[in-house]
Structure formats: structure tokens, C-alpha cells
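Novice: For the protein sequence lines, the chains are A and B, in the order given. Going by the working numbering, the first sequence opens with residue 265, and the numbers climb by one from there. Going by the working numbering, the second sequence opens with residue 53, and the numbers climb by one from there.
It is possible that part of the hints are untrue.
Unchecked claim - Think about it this way: if two alpha-carbon atoms lie no more than 20 Å apart in a straight line, the pair counts; the simulated EDC-like pairs of lysine to aspartate or glutamate are: (1) B:Lys392 / B:Glu357; (2) B:Lys978 / B:Asp919; (3) B:Lys1187 / B:Glu1051; (4) B:Lys1284 / A:Glu396; (5) B:Lys1187 / A:Glu365; (6) B:Lys1223 / A:Asp283; (7) A:Lys384 / B:Glu1272; (8) B:Lys978 / B:Glu861; (9) B:Lys1284 / A:Asp300; (10) B:Lys1290 / B:Glu1328; (11) B:Lys1087 / B:Asp1044; (12) B:Lys1290 / B:Glu1272; (13) A:Lys384 / A:Glu396; (14) B:Lys1284 / A:Glu365; (15) B:Lys1284 / B:Asp1221; (16) B:Lys438 / B:Asp409; (17) B:Lys569 / B:Glu969; (18) B:Lys1319 / A:Asp325; (19) B:Lys1284 / A:Asp297; (20) B:Lys906 / B:Asp919; (21) A:Lys384 / B:Asp1216; (22) B:Lys1158 / B:Asp910; (23) B:Lys913 / B:Asp878; (24) B:Lys999 / B:Asp843; (25) B:Lys511 / B:Glu533; (26) B:Lys1319 / A:Asp297.
Stated by the list, open to error - Short, incomplete list of chain B residues facing chain A, as computed with Cβ under 10 Å: (27) Val955; (28) Tyr1175; (29) Ser1197; (30) Leu1200; (31) Pro1203; (32) Ser1206; (33) Ile1207; (34) Arg1208; (35) Gly1209; (36) Val1212; (37) Met1213; (38) Ile1219; (39) Thr1224; (40) Glu1227.
Read the hints as simulated data drawn from the structure, not as lab findings. Don't be surprised by glycine CBs; every beta carbon is placed ideally from N, CA and C.
The chain contents come next:
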Amino acid sequence: MARILVVEDKAEHRRFICDALRSGNHEPVDATDGQDAIEILRQDGADIDLVTLDYSMPRMDGAEFLKQMRSDPKIKELRERSGKEPTIPVVVITVFKTAKEVGEMRILADAFLPKPLDHKDILRTVETVLRERGV
Amino acid sequence: MREGVTYIASLTQEEQALFTLLLLNGLRADGAGAGKVDKQALLANLPDMTEPAGVPSLIAEGRLDEIVGELVEKGYVEMEVIDGKSCYEVTDTGEQVLRENRLLITSDSESLLSRLLPEEELRRLLSILADVLTTRICIMDENGVFRIGSGGAKGLCPMSLGDTVLPACICCDLLAARRARQIGAHSYRCHMGLVECIAPFSLTGAPDRQGFVFLGRIAPRDLDVAGFVQSWRTRGIPMPSTDGLESIVENEGKSEDEIATIRRIAVVIAKLLGAFLKDLDEYSTKINTLSEVIEAGSGLLGQDETLAKIMNAAEAVFHYDGAAIWKMQDDRQLTPITWKNGVPDSVSDAGFDLDGDGFVSWIARERMPLLISDVSEHVRMGRPPKPKYRDYITGQGLGSFVGVPLIVEGILIGVFEIETRRRGQFTEFDQELLMAIARMAGVVIRNFMLLEVLTDISKEDDLAGLLNTAATELPRLLGAEYCSIFLFDHEKRRLVLRATNSRQLEGEVDSAYYDAKKGGLTWHVASLGETVVLPNAQHSPHYKGHYLEDEYGSGAEDYGFLASPLGVREGEAHGVVRFAKRQGTVFGGRDQRLAEILGTWLSLAIDRMQLAIAREHSELLLRIAEIQNRSSTIEELLTSVASEMTQTFSCRECEIWLAEKEIGEFQLKGQYGGPGAETARCRLGDGTFAAEIAQKRQIIRRPEIDDPGAEDSLRGESLGPGNQLGIPLVHAEELVGVLTLANKRDHFDGPEGQFSENDETTGRIITTQLASTICLHGRREKLSELLRVVDDLYIKNRDTQAALTHMIENVRVAIPDTWGALYRYDVSNDVFDRIAYSAEAGAPPRITNVGHVKTATDEGKPLYVSDARDCKEHKAIINSDGSPEVKAYIESIGSEYVVPLMVVDRLYGVLYVNKSEPDAFTIADKQATGDLARRASLLLESDALLKARAKLYDAAFRLQGAGQMGEVLEEVVKCIGVLGYDRVRLYLVTPDKRELRSEKQVGLNSEDNVRAFEGGEITFDMTEHPPGPSILAFKGGGPVILVREGTVAHQTIEDRDTEGMQVHPTETALYEKELEREHVEEWLDLPLIAAGNRIGKITVDNKWSKRPFSRIDCEVLGLFGQYAAQAIQNAHLTKEREGFFRDISHSLVSPLTSIRGLTVMLADGVITDPKTVSEYHEIIARETEHFSVLANQILNLSRIEAGAFDLSREEASVAQIVDEVIDLNRFALEEKRIEVVKSPKSQIDVLVIDKAAMKDALQGIVDNAIKFSGSGSRIEIVTDSDGQNVSISVIDEGMGIPTDELARIWGRHYRGELAKQDKIRGSGIGLTVTKSIVEKHGGEVQVESTLGKGSTFTIVFPRS
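Produce the complete structure using the sequences and hints provided.
Specialist: As C-alpha cells, then:
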């Protein structure tokens, strides 16, 4: 049972990912883009256990989101205050990427899930990451 | 006008003062200027001019300029400064240099002259005299008015000081004053110029018409003019002594003779003027007479006629009773050549002895004029010389006598005397006058004497006779002791002594010679083509030891020499005539001129004679030439020649043997009438006639054959014993063969004759030509063989090095006695690197581009150094290098031929061909060298092209390897380095096609060594009008070489024909910064054209190497440009395509993600809530629909791209299509909370269209509108029909489209810049498909957009 921030611009996909997480007894919190997500994290960063991230989004894309999330002092402060690991685990769920982008994501994110996918893929990966990070 | 003042100011104070004084007084005397200036006021302001102290104060007050300036401004005087500059220019060193000495001062004084003489007569007289005397003549009348007669001076101004007439005119020839001061001696008495002579005229009375004649320039100060004029006025006709005049004679630049002449002429003029004034009619006759004398002096008339005219002129002037001109004969006798009034026959026959004591002998002996005004008084006083009976032309009644010696150029040629019965008739003036006439007469007589001698010489009918006579007669004309004549032997390239009057040399005629090796005066004269005077052999180390001793014994140093070339043509003299005389009587400038005349004449005579000889043989020579043209082989040629020879010499047989040098044998190659077998051979020393001639290398004439019997038997007929003539065929000292003739007969079948001396001469002339033909023929064959081997070596192995090495190592084969070296030009270092050389001679491995090689390569033509030994360049090399090898190598060169190896304008190298002898190259040698050089140039060019091509292929290969745009551009730039250019700037056309923007600017030393490129980015405005040269170059079809001149770029195309272009402000500004600062004079612009589209431009330059661009650069870069453009275009397409596929896959994966995810969750039973299940089904259905729309678009696009899109029409309603499309996008609309408003403006019937396609088309627009609309905005769909057309408009409130992108939105994979920035997903194919579908329906899609406000897309199509 984890609280998971779903960052996804496409409504259908957001719905699907949230329902998939719910089916695994997780609690999804949704954001339509990176900007949205940063705002949520600043409020509620201490309680978010994991972020699923669509890499290509309008306004703020995945890479930019990751950069901002990891450098935001507010989020860091929230996490530290609650005794949580300062970096929130990230699972990237996105469509096909170039090798370069995949490489980049492997460094920046904990896991990478290419679309299309099913709920089992999401749950398996999310749970593996949570276990690895000891959440 | 101020310049005029400056002029004045540049004079000395004294000059200024005098000038002003003269000027002002001139005005006052003239009176013409009255009223124009307040003279009184002007003069009142002047200090006392007569007071010397007043002058400096005038100048000190600085008012002189003002005064003169005022005079000028008011038009009293006019100072004309020719060319508008100051007459004097101050040079850097502070020296004043006179540029133009004319200063014009006008007044009305011209009219004064008309009071003196009829204008025309005076002018005619004076112009004749002035021209002859090359002086200026002024005449002053009793009113003090001077007149410049002619000679170019313009100034004219009457002058007087009170009652005193100042005998000066302002002809303002200040040059003369300057010169006078420069030479010092005369400056103290010459302030305003020089007077060469002053003489009063009116000697014959007529006091109303009196005056002075001045020759030369302006009056001297120390001539007591006032006293002179005064005495003239009071005493009537003064007779100033010539002694008085002597002191004012100026000899500026003139010889004593000339001055004397001028003085005498002045007297003549004075006298004639006086006579003229007395009796105008008589006078004009005399003027004619005088001018006729002068005319005669110029050699226009015959001798007798001329002498008669001289005598008549003398009679008209002197009114003598008798006159005679005596001429020196054989240095001893004086005989009359013309006389008047009875020289007795006895006198004319015998003449006077030089040692006689009579008047004429005395004059000749003493070389002095003799004036005896009263002969009886002279006799009574017993003064020498005595009048001899034979002096009495007029018998006992001799009263007065004047005689003068005729001396021309220092040589006494005779005596001119006049006599009269009246006592006291002749005065010193008559003596002067006679001297003047005698001078003319002397020249005339001398010329006729020359002519006589030359005519005598010309009478000789053979060359030897001609030269011998010339050698005997010519020295007499020059007063020289010895004369030797040398003619040039073109075969041996030496000057051979052909005639001399020197006993010592007599035996050496035809054998003594000079050549380049011996050098010396004579050779020097021949090679210079100029006359040289050597006053003293001893003091001329240059000529010392050069054979003079051999000719003149040990006393050569006691002689002075004069040598003149004969017949210089094209810089080559064909002989030299050389004179020698003992020191003390050295040759002068006149001797030199005379020698030149004699030389010219002699060469003409020789020419004429040789022409006559040549004419005799010309027919035969022509026939040989003709044979030569039609013969393809040497055998054919020689056989035909042999046949011709038997005709020419009227003999039975002719054989031509050619030397085979390699084996020392001679082979019979051509024969006529002889018995020899075709393969007959002889060798030196085998006793045959041919071998003997070859051995002796001289013509042999034999009366009989050695073994008549053998000949007979060979011939098979009995002609009796023959005789033989054998001639060696020698060309350039090389024995090429032997020609033998046998059995002379005068007529066919007639009695046998003998070969004569004439036959020898004829034979020599003909065989010279033949030998040269054979030699050239042989050389041509050798040269073509050499070139053939060179070509083979190159063609078979593409081995330039081997080919050129072979060429140079065998240069001696094609050009005898030479060695050579071949260098390749290294443009980066401006040096020449050795490629090949003759191993036996060696050659420096590297040559810097200076001296000869620079001259040759700069001028682009071969340079022949005829005498490399004396060559400064070579000495400089030895001095600068100093190594013994280089010294030895350079010193071994006698003459060299330096040929630049160029193709069109590109320098590839240089070829040296050297000989050890100076001046040793024949025309054939030069031609052969040229042939070799041409081949070498082509080989080097071909090599360069191959290398360039290899580099090009390498570059193209590398470009193929690069995929991404960045990589491609990087590679393109690097390839330019590989191709060997210094710097490159790569421009790409901006997407809006308005600018050409530089993307890369790189300096390249080589492929990997990138040097700094200081220039920054450059952007050209492509829309600028008119376009600048760079844009024109970009718009052109291929590479263009641009040259900077100042800030103007010129375009040079192909053969560097420059096409001037106007200064272009924008480009000038761009380049000023870059090119001027960086000293780039030339660059090459290369448009990048891919599939007909200009996508960019490459500019390369050679900033560091300074290598000029040529056609090869254009070719290589032209090809490279195609590769580069293609690679850039490919990279561009790859980028587009990648983006396209990426967007497409994104678009496809997105619905698939929903479908798969939700389906699997339903299937796994994860979702059981019925409401959620139903929602899932709905999403799955919609996403499936969306997926199919996308699939449709892709399919449509591929069909459109393949050109296979066909409509399948059915009945459909527009409203329905709109509804279906809105439904299709329901989710997206809901998500963005976009309100869709349907506005049907009119009822639209059911149409027959491709419904599915039209839906796709509308979907493209609606999808687009949703994507670019913000949340909560509105989209209006308006449907309308006007009876003909149906329109569906989609109006959004989105971000709008920038104007410059509007035209491109229909592009295949176009995605707007804003879309990219905002990361809006999209396939980029929607609008493309829409457009194609609507167009397929015969309609069109219109778009209107305002940035930030929204866009309206309208589909318009016909109802049916």
C-alpha cells in the first residue's frame, strides 16, 4: 500500500494507470503535467512514495520534471522532516524512445516501462521499485 | 593665379626685383594697359628701383607678391602656368625642380613688330634659322621692342628704363637662368637669361630701319646696353667688334662649333635683314638663297647643284668678283671643286700643294681663316703669306681677299675663298659670314666625299672585295689607322674576321674570331647591338686581354677603339666594323655617329650582296624547302635533294651520307646517279672520299677520282674520269653528314667540266641549309621519341615521377649538350622542389621563388639567360648560399632557359635547361625546350588533378558516413581541409528562405588541425535588391571566384574574365570587417544545390597559403559541392523522417496503451464494478476509433505519396460528417473543456462525396484546432453552401499560426514551431491529408490566422 503520484497528460492513460494502481491496493494521486505534479509534491511530498511519469508531456516534460523535482528545496525539506529518503522513486511510463533517451531515463529514473502495457506490468514494476527502495 | 606668384617667389631676390622692374616698366612703355590700373599709385608704392637697397626692402615687406598678384588679376599680365602646377616644384630633398618653364606675359607689343618687318617674311626666316640652330631668336627694334621669332618661347614685352632701351625681352626662359647658375661660371652676369649673340643689323645703311638681332636669350647685365644703343643712335651704324661679342656668347649646352655657327649666323641674319630693309625684293631672293644653302646642307640636292647654290648664295651676299672651293686630295693637294669667274685650267688641274706659301695653302695648313682687306697693302708690308700667282683668280686686280678653311668634325676637307678687285671691300663681318657659309658647305662637301667613297666601295661585286675596299677606305673618313670588319657566323656563333687593313692581321682573315667565350670589345658590340667607343684600351679592364694584343701586337694599349655593329636585327648584329687609332687623337661623339652611319651603310651593302647571292640560289633553296615539306622520311628528302643537286651543279652524281654518331659510321641515305647500294656505309679513316671529308671537315675539290677504272666499272658506262666535290654538312659545329658530288659537266652529254670555286660557294650556302634541315629532322625525331617514352611511362603506370625523370635524364638527347632540372611548385611555401634532374650535373633540391624563376613565372613565359656567367642573379645565389656544390653547379652554367610550367594560369613548376657555353641556345633548342615544358606541364597538371580527385573521393566517402546534420556539417567543413583550402564558411538558407546564415566558420590547416577563424557569423539578406556579388554567386549555377579590390568584390568566372560589380553596401560592410582585416584578396563561393534547390553556400579562401584559385579549384569544389549538398539534404530528410515516425508511433501507441491496458484489466477481472466496466468499454471503443482514424490518415498519406488516392463517392450529409467528427473527439474536447458550437448557415443537401475521406479531412482540421486550443476555449464549426460550393469552417481560439509559417503548414511532416515549443503531440500529417483529400474533391483548404487569437480553417469544395 503506497501513495503514488501519477503524472500523465493523456486522460485515458491517467485513468488506466490510476485504476491499475488501485487494483494493487495503492493509492494514486494524479497530475496532468509536470507543473501540476511539482505543485502537488511541494504540498504533499512527504507522503508520496513513488512517482509514475509520462516522459513526453506539454508544458513541462519528464526530463525537466525530474530535474526540478530533485532540486526543489521545498520537497527536499518535506521529505527530510518526515524522515523519508530525499529522492522519491520514479517509474517512467512512456512510449517508445530513442536509445539516447532510454539511456538518459535509466540514469534519472528507477525503472522504465514502455507503452503500451497492462496493469500487471505497472504493479510488478512499481512494487519491485518500492521493495528495492525499502518503502 | 597664385601659382604664378609662387613662381615669382621661387626666384632669387635679385631675379624677383629685376623681373618686377621689367614688368612694370614694360607696362608703362607699352601704354596699352593705361586706365586699367592706377599706375601712379602702384609706382608710388614702389621703392626706388634704381636704388639697390630698395629692392630687398620691397621683398622684405612681402609686397612683391601682392604687386604681381594684382597685376595678374587686373589682366595686365597673364602668367600662364602650363599644366596648372607651380613652375617649380620643391622635391623631397628641398631641391627646386623646374617642371615647365613657360610663363606667358602678354601685352600689345606684338603690333610693334609690324612696324619693323612684314610678318610673314620674318617668320619664315626666323623659323628656318631657329630650327636649324635649335635656339631662340629675338629681334629688338629701335624702339626697344623685342620679338621672339620662333623656337617656342612665348614671352614678349618691350622694355625701357627712361630713355634707355633695355635689350631684353621677357621670354622668361628662367630655365636658362637656372642652368646658368648651376654651371656657375655665367651666373653672375646672367640674371634673366642668356644671350648668345647680339649684332646690329642695317649694315648696309637704311637708318630708318635699324635694329639688333639677338640670338638666344635675354640680355646680360654687364653688356653696356645703354651705351651700346646710344652709340648706335648717335654714330649711325656701330660696328661692334666680334671680340666684344665674344664675351657675351653663352655656350650653355653647346659645343664651340655650334656657338661659332650661331654667332656667324647672327651676323648673316643681321646682314640679310639690313639688305632686306634696303631692298625688299632683293632681300627675299637672298632669303631664298640662304634657305637653299641650308636645304643643300640637309643633303636634298646633288653635289654639283648644291655647290652651285652655295656659290650663288655667296655671290648674292658678298658681291665677289671671284670665288672657289678647294678640296683636299690625298692629304697633300688642294684642288678646286667649284669656282666662279675663271679659275685657270692650269690651276684646276694641278691644284695647290699643302706646303705652298700662297693664301689657300696657308689657310689649309694653319686651319685658320684669312682676311686681307687690302692685298696690295699686305704685299707692300711684306706680310706672310704671299699671294701666289695661282691665288689670283681675278688676275692682277686682286684688291680684297677672304678665305676660310672647311673643317668638318675636326677634319680639314678644303678651303673656301672669295676675292674682289676692290680694295678694303671685305671686313671681319664678311669673314664671319663666309665662315658660316663655309660650315654649311663643308658638311655638304664632306657628305659628298663620303658618298663618293661609299659608292666606290659599292662598286665591288663580291663580298670579299666589298669588305676589303671598305676596310681600306672607311678609316680615312674617320681619320683612323686601322679598320677590321667581322661578320657573324651563325652556325658557329662567332664573329669571324673577314677583312682588315692591318698588316698584322692580314694572315688571320677568315680564321681569327671572337665568340662568347673569348668575349672582348668586338663581341660585346655585336651582342649589345650598340656602338662602343673605347678611348684607351689600357684603361678599360673589361676589354683588356681580350684578343687586342693578338691583333695589334704588344702596343694595343696605345690605341683607342671605336666599334659599331652591322645590321642589327631582332637584337642580333650580323657583324661589327671596328676602327682603331693611336691615342691622342681619340674618337669623339661625331666619329661615333659617323661610324654608325658607315656601319649601317656597310651592312646594307653586305645585305644587298648576300641577297644577290641568295637570289641565285633561292630557287634551289625553295625547291629544297618544298621537298622538305612533302618528304615524310629523311631518306625520301635526301634522295630528292640529291637529284636537285645534280641539276644545280650540272653533275652526274650526288651522294648524301649521314653520320651515325653512336658507331662512328656514315650511312648513305640519299643518292642520285651513283652506284652505291642503299645500305652503303663508310667509316672514318677507311679511305673513301666521304670519310676523308668527314675527317677534315672541309670542302674538298678534286679534279679526278682516285680510281677511274673502278668508278667506270661500277657505273657500267664510260664517262671518262670524273672529278669530285665533297662538302661536309655541319650544323652548330656538329658534323651531321657529308655531301659528295661527282662528274661535273657543263651540259648534258657535253664535255666534262671542273667544279669551280663558285660551286664551292654555292655548295656551302646550300649545304648549310641542308645540314640544318637534317639536324632538325633528326632532333625532331629524337624529341618525339623521347616524348613518346615519357607518355608511355605515364599512361601505363600513372607514374608522373618516372615519366618526368626519364624526360630530364634524357634532355640531352632532344637538346644537344644540355642538362636540366625540373621542379614542382609548392604553393604554400612559394618554393620549387626538385622532381627530376640530370644526374651528371646535379641540381639544388629546392629553389626559392626569386630572381630568374620569379621573373619567368610572374610573366608566365620562358626566360632566356644568354650569359649566365655575368648574371647578377646567379652571383647573388652563390653569395647567399655559399656551399661549394651550389657554387660549382651555378658556375657550370653558361646559358640557361627557364620555362615556367603552367596550364592556363596555374603554375605547376619550372623547367631549367642549361648549357655550359654562354649564348648557346639556338631557336631549335628553345623550341625543343618548350615542347618538353609543355609535356611536363600537362603531366604535372594531370597529377594534380588525380590527387585532387582522390581527395574528392575521400571527401565524398566521408560524407556518406555522416548521418546526423551536425555530423554532416562537421564533415563537410573538414573535407574542405582535406581538399587543401585554408578556411571555410558554410552557410545554410534559413527556413524562411530570406537569409543565408553561416553555420560553420573554420580555419583548416589540414584535416585535423583546425585553426582559428577570427571572423564571426555572417548573415546575408537574400531579399536585398540589387543583390550583392555573394548573393549573385549563390544564385549562380556553380563555383565562382571572387576577387576583392578595395572593398569591391569582382566576380571572376572560368578564365578569370573579370566582371566588374558595383560596390554593394551591405556586402561591403560585411567584408570590410572580415576580408580586409584578414587580408583575403580572393575567395571562392560555391552554391550548394540539392535536387534543384539552393540549400546553402560554401565560401573558401586561402588566407595563409595565398594560393590563387584556378579552374581546377572550380572543378573540384563544384563536384564536392554536389556531394556536400546531397549529404546535407539527406541529413535534413533523415531528421524530418525520424521526427515523422516518432510522432506517428506516438500517435499510434497512445490509443493502443488505453486499449491494451483496459482490456487486460477487464479480462483479468480486476474491474468488476459495472459502471466502470461500461466506461472501460466506451473508452476502448473510442480509442479504437481514434486508432483507426490515425491508421486511416497514415494509409491516406501513403496512398497520396504513392499517387494512388482514389475517391469512393457515396451519399453523405455534411451535418452528419461534422457530428461524427465531433463525437470522435469527444473525450479530448471534454478533457480540455472545449465547447464546440455548430453553426449551419444554410441547409445543405445530401452530397455525393467520399464520406470517409471527407471525415478524415475534417478530422485533420478539428484535431488540429483542439490541439492548439487552450482549456475552456471554444471551437465553432460553420457549414455553408452558396449553391455551387460547400464550405466547412473550423474557427478556434487557439494560439494562431505565425504568418511566415502559413505557407508551410501543408508540408508533409510539418509541425509548427509553436507546436514544437509547447510540446504538442501530433503526427504532422493531418493537414497534409486534409489538403490532398479536399483537392481531390476539386476544392481547397483556406486558412486565416491571427497569432494569439486563433485560426480559421475552411474546407471549400464543389457540391458535385
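Novice: Now tell me if each hint is right for this structure.
Specialist: Evaluated hints:
1. A hinted pair counts as satisfied when its Cα atoms are at most 20 Å apart, and B:Lys392 with B:Glu357 qualifies at roughly 14 Å.
2. For a cut-off of 20 Å, the pair hint linking B:Lys978 to B:Asp919 stands: about 15 Å separates their Cα positions.
3. The suggested pairing of B:Lys1187 with B:Glu1051 holds, with an alpha-carbon distance near 17 Å, which does not exceed 20 Å.
4. This hinted pair does not check out: B:Lys1284 and A:Glu396 have alpha carbons roughly 38 Å apart, beyond 20 Å.
5. A C-alpha spacing of about 16 Å is found between B:Lys1187 and A:Glu365, which places the hinted pair at or below 20 Å, so the restraint holds.
6. About 13 Å separates the Cα atoms of B:Lys1223 and A:Asp283, which keeps this hinted pair within 20 Å; it holds.
7. About 35 Å separates the Cα atoms of A:Lys384 and B:Glu1272, which puts this hinted pair outside 20 Å; it is violated.
8. For the hint linking B:Lys978 to B:Glu861, the alpha-carbon distance of about 18 Å falls within 20 Å, and the restraint holds.
9. At most 20 Å may separate the alpha-carbon atoms for a hinted pair to count; B:Lys1284 and A:Asp300 meet this at roughly 15 Å.
10. Using a Cα cut-off of 20 Å, the hinted pair B:Lys1290 and B:Glu1328 holds, with the two alpha carbons roughly 6 Å apart.
11. Distance hint between B:Lys1087 and B:Asp1044 is fulfilled; the C-alpha atoms sit about 16 Å from each other, no more than 20 Å.
12. Among the hinted pairs, B:Lys1290 with B:Glu1272 is consistent with the structure: their alpha-carbon atoms are about 12 Å apart, no more than 20 Å.
13. A hinted pair counts as satisfied when its Cα atoms are at most 20 Å apart, and A:Lys384 with A:Glu396 qualifies at roughly 18 Å.
14. A C-alpha spacing of about 29 Å is found between B:Lys1284 and A:Glu365, which places the hinted pair above 20 Å, so the restraint is violated.
15. A distance of roughly 27 Å separates the Cα atoms of B:Lys1284 and B:Asp1221; the hinted pair therefore is violated under the 20 Å criterion.
16. Between B:Lys438 and B:Asp409 the CA atoms are separated by roughly 6 Å; this keeps the pair inside 20 Å, and the hint holds.
17. Between B:Lys569 and B:Glu969 the alpha-carbon distance is near 7 Å, which keeps this suggested pair within the 20 Å criterion.
18. For the suggested pair B:Lys1319 and A:Asp325, the alpha carbons sit about 17 Å apart, so the restraint of at most 20 Å is met.
19. The suggested pairing of B:Lys1284 with A:Asp297 holds, with an alpha-carbon distance near 13 Å, which does not exceed 20 Å.
20. Straight-line distance between C-alpha atoms of B:Lys906 and B:Asp919 comes to about 18 Å, which keeps the hinted pair within the 20 Å bound.
21. Between A:Lys384 and B:Asp1216, the direct Cα distance comes to roughly 10 Å. Compliance with the 20 Å bound is thereby established for this hinted pair.
22. Proposed proximity of B:Lys1158 and B:Asp910 is supported: the alpha carbons are some 15 Å apart, at most 20 Å.
23. The straight-line distance between the Cα atoms of B:Lys913 and B:Asp878 is roughly 19 Å, inside the 20 Å bound, and the hint therefore holds.
24. Among the hinted pairs, B:Lys999 with B:Asp843 is consistent with the structure: their alpha-carbon atoms are about 19 Å apart, no more than 20 Å.
25. A threshold of 20 Å between alpha carbons decides the hint, and for B:Lys511 with B:Glu533 the separation of about 23 Å lies outside it, so the pair is violated.
26. Proposed proximity of B:Lys1319 and A:Asp297 is supported: the alpha carbons are some 15 Å apart, at most 20 Å.
27. Interface restraint check: B:Val955 against chain A, minimum CB-CB distance 51 Å, threshold 10 Å, status violated.
28. A distance limit of 10 Å between C-beta atoms decides the matter here; for B:Tyr1175 the minimum to chain A is near 28 Å, and the interface restraint is violated.
29. For B:Ser1197, the interface hint holds, since its Cβ comes within 10 Å of a Cβ in chain A; the closest pair sits about 6 Å apart.
30. A hinted interface residue such as B:Leu1200 counts as satisfied when its beta carbon comes closer than 10 Å to some beta carbon of chain A; here the least separation is about 9 Å, so the hint holds.
31. Here the hint on B:Pro1203 is kept, as its CB sits about 8 Å from the closest CB of chain A, short of 10 Å.
32. The criterion of a C-beta within 10 Å of any C-beta in chain A is met by B:Ser1206, whose closest approach is roughly 4 Å, and the hint holds.
33. The interface hint given for B:Ile1207 is met, as the beta carbon of that residue sits about 7 Å from the closest beta carbon of chain A, less than 10 Å.
34. For B:Arg1208, the interface hint holds, since its Cβ comes within 10 Å of a Cβ in chain A; the closest pair sits about 4 Å apart.
35. Among the interface hints, the one on B:Gly1209 holds; its C-beta lies about 4 Å from the nearest C-beta in chain A, closer than the 10 Å criterion.
36. Given the 10 Å rule on beta carbons, the hint for B:Val1212 holds: about 4 Å separates it from the nearest Cβ of chain A.
37. For the restraint placing B:Met1213 at the interface with chain A, the shortest Cβ-Cβ distance is roughly 5 Å, inside the 10 Å limit, so the hint holds.
38. Interface hint status for B:Ile1219: upheld, as the beta-carbon distance to the closest one in chain A is roughly 7 Å, under 10 Å.
39. Given the 10 Å rule on beta carbons, the hint for B:Thr1224 holds: about 8 Å separates it from the nearest Cβ of chain A.
40. For B:Glu1227, the suggested interface contact is upheld, since its CB lies about 8 Å from the closest CB of chain A, less than 10 Å.
Comparing the model with each numbered hint stated earlier shows that hints 4, 7, 14, 15, 25, 27, 28 do not hold.
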